[in-house]
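Asks: Sequence:
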Amino acid sequence: MEIHKVPLPRRTHQKSRLGCANCKRRRIKCDERKPICSNCATHAIECTFSNPGNANCKSPLITTHRFRPYRPASAISKKQHSKGSEAEDSPRISTNSIGTQCDFDLTSRPSPAPGQSPILFADLGLLHHFTISTYRSLVDNPTISHLWQIEFVGWGMTFHSILHLILALSALHLGYENPNQRHQYVQQADDHFTFGVRSITAVLAQLSEESCQKVYISAVLICIVYFARGPRTGEYLVFSDQGVSEWRVLMNGVKLILQSYRDQIFTGILKPEINQEELSVSPLLRSELDEHILHIQGVQQLVDQELLTESDNDIYTAAIKDLLAVLNEVYEKRSAQKLPVGLMQVLIGWVYRLPGELTSQLEQKEPLALILLAHWAVLLKYMQSVWFMKGWDAHVVTGVRSSLEAEFHPWIEWPIQRIQED
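Residues 1 to 422 in the working numbering are what the sequence shown spells out, letter by letter.
In case anyone wonders, no lab produced these hints; they're calculated from the structure.
One thing to keep in mind: the hints can contain errors.
Cβ pair distances, simulated, as ranges [claimed, not checked]: (1) H409 / T267: 47 to 57 angstroms; (2) L124 / H409: 31 to 41 angstroms; (3) R17 / S402: 46 to 56 angstroms; (4) E277 / L324: 20 to 30 angstroms.
No residue lacks a Cβ here, since even glycine has one placed at the ideal position from N, Cα and C.
Could you put together the complete structure from these sequences and hints?
Replies: Shown next as structure tokens:
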């Protein structure tokens, strides 16, 4: 007896215009749960139901700077869109981060259907990789590695910005270790980075003593992910071909957080350890250090020859003095054969301490400022074994050279030669 299958009626749902703004933008069904709908809860982003009267508010710590989107892997996007998703035609969503506004495509991570588990096994794989591998690449001292492997991951369970940024960094690390799958991992990293900066936006407006440590770690992760994503044409850390550099905007966000809650941030597990180890420069590296000092002193002589105002002269002299101190510390750590990742806070510390007047001159591509930056960028050479810093030394110096008039090129010949040496 032949059995005729009766087609089941198509499931329908009652359409509503009362969904949250995020679901409307993504053109997906909102379950309208309050104070936060299920889709927003799944992605750890601020739901407009939780703050209906101020859906587009911005934190006082946020400036509006356009952060160009990273391009996702087209193959991944096509695969996801072929499953009947209507997200293909949805608009890009403008999102805010610490000191920056980022544009990313949020449609590549579909929300789970009702009854489905919101756990994505790809994300579990990223978390696993971070806790067995990536965390080691972030510290030079094994005694504090537990902070990244255990403590900060634990924070991420309740402070979702940290979790998303950890997953973004882990994805980029996997992409570095598996070049053939890099596009896939970059897609995952971009998605998590987007959710990470979006979820921290909601917290910034209520920055407090209770949240400041977690916000600070989120900001640090944002900067590391920026490095890990790799150099991009037109962006040279402290200056850019167009307007304010993206990375400087991120650094300004870190500055604002530290200026507001420095004492509260560096307490508890973040309290700095007192290092009583005495380091010195080995005889093998002494001649190399002396050569570098000689070239930086040459920059000081150039500053003295220029007809600068007394204020500008003082600013450059102070920055050069600070760079000489950084240089000595770098060579001490190299002499002690410390892991290169430990140079991160030393080198970035110099940029962090640059006064606003000098960073403004870098943005304006003033020759003296660019020449000084090139002599700092040489030190990035000693971090090239760190996976997320590869290529940044040559990239910054190349940007300096392209921004300088030909008459100043002799002043950066030595930095270029040093970076090109094996």
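Asks: Does each hint hold? Answer for all of them.
Replies: Status of the hints after comparison with the structure:
1. H409 / T267: 47 to 57 angstroms: Cβ of H409 to Cβ of T267: about 48 angstroms, so the range 47 to 57 angstroms holds.
2. L124 / H409: 31 to 41 angstroms: violated (51 angstroms)
3. R17 / S402: 46 to 56 angstroms: holds (52 angstroms)
4. E277 / L324: 20 to 30 angstroms: holds (21 angstroms)
Comparing the model with each numbered hint stated earlier shows that hint 2 is the single one that does not hold.
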